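Colleague: From first to last, the protein sequence lines are chains A and B.
Quick note, the first sequence lines up with residues 1 to 644 if you use the UniProt record's numbering.
Quick note, the second sequence lines up with residues 1 to 644 if you use the UniProt record's numbering.
Hints listed in this document are in silico derivations from the structure and should not be mistaken for laboratory results.
Don't take each hint at face value.
[Said to hold, decoys possible] Listed below are the simulated DSS-like cross-link pairs for lysine-lysine, each with C-alpha atoms no more than 25 Å apart in a straight line:
no.	chain 1	residue 1	chain 2	residue 2
1	A	311	A	527
2	B	196	A	630
3	B	527	B	631
4	A	630	A	528
5	A	631	A	527
6	B	196	A	631
7	B	196	B	311
8	B	631	A	196
9	B	196	B	142
10	B	268	A	268
11	A	196	A	142
12	B	527	B	311
13	B	527	B	318
14	A	355	A	630
15	B	630	A	196
[What the hints assert, rightly or not] Label pairs and their calculated CB-CB ranges:
no.	chain 1	residue 1	chain 2	residue 2	range
16	A	290	B	33	16 to 24 Å
17	A	25	B	380	52 to 60 Å
18	B	72	A	79	55 to 63 Å
[To be verified] What the simulated footprint calls covered on chain B by chain A, stretch by stretch (three residues with Cβ under 8 Å from a Cβ of chain A suffice, anywhere in the stretch; the number is not a length):
no.	segment
19	59 to 68
20	243 to 254
21	388 to 402
22	491 to 503
Since the model is a prediction, treat every value here as computed from it, not as a measurement.
In this text, a Cβ means the ideal position worked out from N, Cα and C, and glycines have one as well.
Protein chains: 2
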Amino acid sequence: MEELVGLREGSSGDPVTLRELWGPCPRIRRGVRGGLEWLKQKLFRLGEDWYFLMTLGVLMALVSYAMNFAIGRVVRAHQWLYGEIGDSPLLRYLSWTVYPVALVSFSSGFSQSITPSSGGSGIPELKTMLAGVILEDYLDIKNFGAKVVGLSCTLATGSTLFLGKVGPFVHLSVMIAAYLGRVRTATIGEPENKSKQNEMLVAAAAVGVATVFGAPFSGVLFSIEVMSSHFSVWDYWRGFFAATCGAFMFRLLAVFNSEQETITSLYKTSFRVDVPFNLPEIFFFVALGGICGVLSCAYLFCQRTFLSFIKSNRFSSKLLATSKPVYSALATLLLASITYPPGVGHLLASRLSMKQHLDSLFDNHSWALMTQNSSPPWPEELDPQHLWWEWYHPQFTIFGTLAFFLVMKFWMLILATTIPIPAGYFMPIFILGAVIGRLLGEALAVAFPEGIVAGGVTNPIMPGGYALAGAAAFSGAVTHTISTALLAFELTGQIVHALPVLMAVLAANAIAQSCQPSFYDGTIIVKKLPYLPWILGRNISSHRVRVEHFMNRSINTLAKDTPLEEVVKVVTSTDVAEYPLVESTPVTLTLFSETTLHQAHNLFKLLNLQSLFVTSRGRAVGYVSWVEMKKAISNLTNPPAQKS
Amino acid sequence: MEELVGLREGSSGDPVTLRELWGPCPRIRRGVRGGLEWLKQKLFRLGEDWYFLMTLGVLMALVSYAMNFAIGRVVRAHQWLYGEIGDSPLLRYLSWTVYPVALVSFSSGFSQSITPSSGGSGIPELKTMLAGVILEDYLDIKNFGAKVVGLSCTLATGSTLFLGKVGPFVHLSVMIAAYLGRVRTATIGEPENKSKQNEMLVAAAAVGVATVFGAPFSGVLFSIEVMSSHFSVWDYWRGFFAATCGAFMFRLLAVFNSEQETITSLYKTSFRVDVPFNLPEIFFFVALGGICGVLSCAYLFCQRTFLSFIKSNRFSSKLLATSKPVYSALATLLLASITYPPGVGHLLASRLSMKQHLDSLFDNHSWALMTQNSSPPWPEELDPQHLWWEWYHPQFTIFGTLAFFLVMKFWMLILATTIPIPAGYFMPIFILGAVIGRLLGEALAVAFPEGIVAGGVTNPIMPGGYALAGAAAFSGAVTHTISTALLAFELTGQIVHALPVLMAVLAANAIAQSCQPSFYDGTIIVKKLPYLPWILGRNISSHRVRVEHFMNRSINTLAKDTPLEEVVKVVTSTDVAEYPLVESTPVTLTLFSETTLHQAHNLFKLLNLQSLFVTSRGRAVGYVSWVEMKKAISNLTNPPAQKS
C-alpha cells in the first residue's frame, strides 16, 4: 500500500527512482527530502546575504586576530632588545628610537608606493563614498595588502607613536566586502547594483569596529553614526548579524589560543557594583562631560589648523610630496625621543602599551590616596601587577604626570596624525579622554577622601569610573557620536555607570557639535573632499524653505532633435557635466519647486544623490546640487540679512 | 582712559547708560554681557528643541514614578486584605478574585467610555501613524487621563492579569509630545509642520520606553526598531537626549524617595563575572535562541488567530461591542481563579509580583541542584528573602512548575490580550522568555552538575544567565527587535553575557522574522489598519523591479481649464481621492517610470508617503500607492508564475 501511494505520487509529481521506491518508508523519506528542499530554498532565498555577511565577519576576525598576534611578537622583540642591549645610554636610546623610526619609514614608503590613498584612517573617504561620491580605486583589493602591512608596522611601534587601528579596520572590512560583492556578481552573472552595494558597505563598516573591540553593539551604532546620516532598520539588523559573527570569532580565537578561559571583554574592570557612585557625583560626571567637550573643540581646532598648515607650508608640503618616508621618519624620531623612558618618557608612562594604559587608567583604586603616605618605587622593569606605578613620579605626583601626559600627548597626537601611514586615531583619543577623567577623579578622591556623603552612607570615590566616562565623552565629542558610551561598557564588561557616562557623553557632544565639525568631517574639509553638512538648529522656520528658494535656475536643456552644432555650442559654453535631455533622459527622480529643503536634504542623504533637476508643471526649471544645498543650509544658520 | 574707550565704543555701537559708563571696568562688563547674550542666543537657536525634549522626559518620568507609587499602594492594600481576611476559603477566594475583577471592569468601562481607542498598547496605531496614516484623535490629550487611570487599574491587578506598561507608556509619551508641540506652535504662532512633528514623536516613543525601564540605550533602539523603518542619526540623538533625561529623572525619584541609595538598574543581578559561562555553553545559548524563535512563532500565530476569532465569533464580538466591562470581568474572573494561590496558583508562583518573577528567575544559583537533597518549605506567607521558594513544589519539582507556568501563561496571556483595557504586552512576554531560559538552564545544571569542562577548569552553570538570554530572545522574536538584548543588560546592570545573549536574540529573530509578522504588525493586520510590508529577501533581482512594472496606469487627469461638467463626470465615475491637476497641483515629488521598487519603497518609508504619481517625459502616466507596492513586494517573494 505504501509503495502504491509512493508510485502514484511519483507518477503525478517528481520522478521516483526504483531504489527509492523499494526502500523502507518512501513516503516519510520523500517528506523529509521535501522538507530539506524547502529549508534549503528558504535559506538560500532569504539567506544569500547572510552567508555573505558571516563570511565577512569571520574573515575580518581572522585578519584582526592574526595582526594582533604578529604585532605582539614584534613588540616583544623590541622589548627584549631594549632590555638586553646593555647599560650604555646611547645604545639604549638608539634601540628605543631606531626601531619605530624604521617601522614607520617602511610603513609609509611601502603603503604609499603601492597606493597613495592607503594613508590615514580611511573613514573620511568612506563617508564621502557612502554619500554617493565616487572615489576611484579606493576600495580596490590591491590596497588591502598595503594597508594591512602598513598598519601592522604602525601598530608595532606601540605607544611610541600612540596610534590605533579602528579606522583602517573599517576601511579594510569595506574593501573585503566590496571585493566579495564583485566576486559574487561575477559568479552569479548579475550586474552590479549601487544600492545593494551600499547596504553591504554599511554592514562591513560595523564589522570593522566590532572585530577590533569585540563589541558588536557599539560596532554597529558607531559605524552608523560616523558613516551615514540616515539608515534603515534593515541595514542595522544586517550590521548586527555581521558584527556579532566578527566579534564572536575574534574573541573565540583568543580562547582557542589559551589567552583567555572564556569569551569576555577586552578591558575587564572590577568596579564596585552595589553603589558604583553616590548621587551627587552625577554632577561631576556631567561637568567632566563639559570639560571633555571644550577640550575636544580645542583639539579639533588645533588638529585641523595644523593639518592645513602642514599642507600649505612650503617646506613641509614639499617634503610630504616628494619624500614621505623622510617626513615620517623625522616625526617619529621626535616622538620616540620624547617617549624615551629614562628621559621625559618617565613622566609619560611610556613603557606601557596602549592596552596597559587603559587597563591602568580604569583601575578602581585612587592612586592619589594610595601614594599619600607611601611612595611606590619606579622599577627598572615594568611590573605587570602594578601597572599604575608607571604613572607615579615622586616629585610631580600623580597629578603632575597625568597633566603632563595630557599636554604632551595633545600635540604629539596632532603631529602623529600628519604622518602619511595607515593608522587609526580613535584609540589615542579614547586614552586621552580616560586621562582627563582620571585627573578629575583623582582630584575628587583627594578632595573627598571619605567619599561624598549621601544619606548617611559614604562610599569612596572610584577614579576609574571617571576615567571611563572621560574616555567615552572625549572620544564621543571628537567623533560626534554617542555610541562611545556603549563602547565603554562593552569594552569593560560592566554597565554600572550607565547613566552618568551617557550624560557625560551627551554634555560633551552638545558642546562639540555646536562648535566644531567632527574629526572625520574636519578631515574631509581639509582634504577638500565633497561634503554635504547637516541642517543644524532645526527650528520650525527651516521647514518652510523650499527648493524654489535656492535652486540654480541657469540650466541648459537639450531637446532630442537639437542639431549637433547647437549641442556643441551649449556644451562648450557651460561647465556642468549633466544636461536634462527633455525627451528620454533616464532620470529616476526629480524635485519640484514646492519640495522643502528638509525633504530635499533627506532625499540627498538617503539616496546618496549629488544633484537633482527641479521641475515645475512638467518643465525643468532648475537644478539643485550640494553647492545649492550647502548655501541654503548656511543661510539658515546665518541669514544673509544678519551677515553684514 | 577706560571710560573714554567705553564712551567711544558706546557711541559707535549699542547705547551705553551713564550708570554703566561710571561703574568699574565697563569694558569687561560689556564683554561679559555680550558673551552671555551670545550664549543665550546660541542656546535658544540651537536649543529650542532640547528644552522641549527635556520637559518631555521629566514629565514622563514623573508620571511613571507617580503611577508606580500609586499602584504599589493599591497592591499592598490587596495583599493586606488577602492576608487579614481570615481562614474561610470562600472569603479568601473572593478577596483574591473580586479585587482584580473590579479593577479591570472599571478600567475597561472608564477608559472605553472616554475614548474607544485607549485600549491595548497603542504601539500598532502609532506605527501606522508614523507611516503617514492619519488616525483621528488618536493623539488627543483627552485620551491621556483615560489611559493613565485605566492603565493604573490594570497594573494594580498585579500578576493576576500578568500585563505590563511599556506600550501604553509609549502612547502616553507620544500624546504629551503632540500636546506640547501644539502648545508650542500656538505660542509661537507657527503653522504646524508634519515632518517636525514626526521627529518629536519618534523621540517621545523612546522616552516612553526609557521611563518604564530606566534604560535609555534600549529605549531609543527599541522604539526605533518597533516604530520606524528608516531613521536619521539626528532623530536618534534627540531620542538619546530625551530618553536620558527621562531615565535619569525616573531613577532619581527612587533615590529621593529613599527606595535606593543611588541610581542603579531595576533588576540587579549578581552573576559571576570572571567566567560567566564556559565556551561550549555558547551552543546552548544559540539553541535557546532557536527554541525561543519557534515558540514565538507559535505564540504569534495563536495570538493572531484567537484575536481574529474573538472579533469574528458572534457571541464574543457582540459582547465586546455592547458590554466591554462584562467581557473584561468574565475573562479576569477566569484568570484570577486560576491564579488563586491555594489552588492551581501554587504551581504558578502567583504570589509573586511581576518584578519578583524576574528577580527570582535571574537568580544565579541552580534551584534544581539546591532542591536535590533538601526541599524548601512552601511558606504561608511570601518570604522576600527566598523568592524562588515560590517556584518549588515537592511533587512537581522545579521543572514541573516552570513548564506548567509556561503552558498556562501561554494561553492566559493570549486571553488577557483580548481584554479591552489599556495594557502593555512586552513585560509578560519578557517573563515568559525568562521562564523558557530558566527551564533550559536548570536542565543543563542537572545534566552537568559540575559545569561543562573546558580547558581543565570547570565552573558551575548559572541558570540565571539562560533566563536572561531567554527573556531577551523571546521578547526580541515576538517584537522582531534586537535591542531587547541591550535591554536585558541595562535592566540587570551586568553585560557579562553580551555575546551569548546577542547570538540567542539573533537566532530567535532569524526564525521569527522569516515565519511570522511581529506582534505589532500582527495586531495591525488583525485590526485592518493600513500597512506597508518590508521587502524581505533582498536578493539582487529585486533591485531590478521598477515603478513602471507595477504602477497603476488608470489615472484620470484634470486640466486646469476642464469645464465643470467634465470634472463632475470624472470625479463621480471613479472612487480615488486625488487627481493630478496638470497645471498647478501642489505636489512636492513624483516618481518616474524608471524609479526602482527599492527606491520607491525607501521614499515611501522615509517620507511617510501613501501614494505618489508617476511621470514619464513630463506627463503623468500612473500612480503608485501602498496597494501597488504591496502587490509588487508579494510578487517578489511569490512570483506570479509559481503561484499556480
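Colleague: State the violated hints by number, sorted upward, taking the hints as numbered earlier in the document.
Modeller: 7, 14, 19, 21
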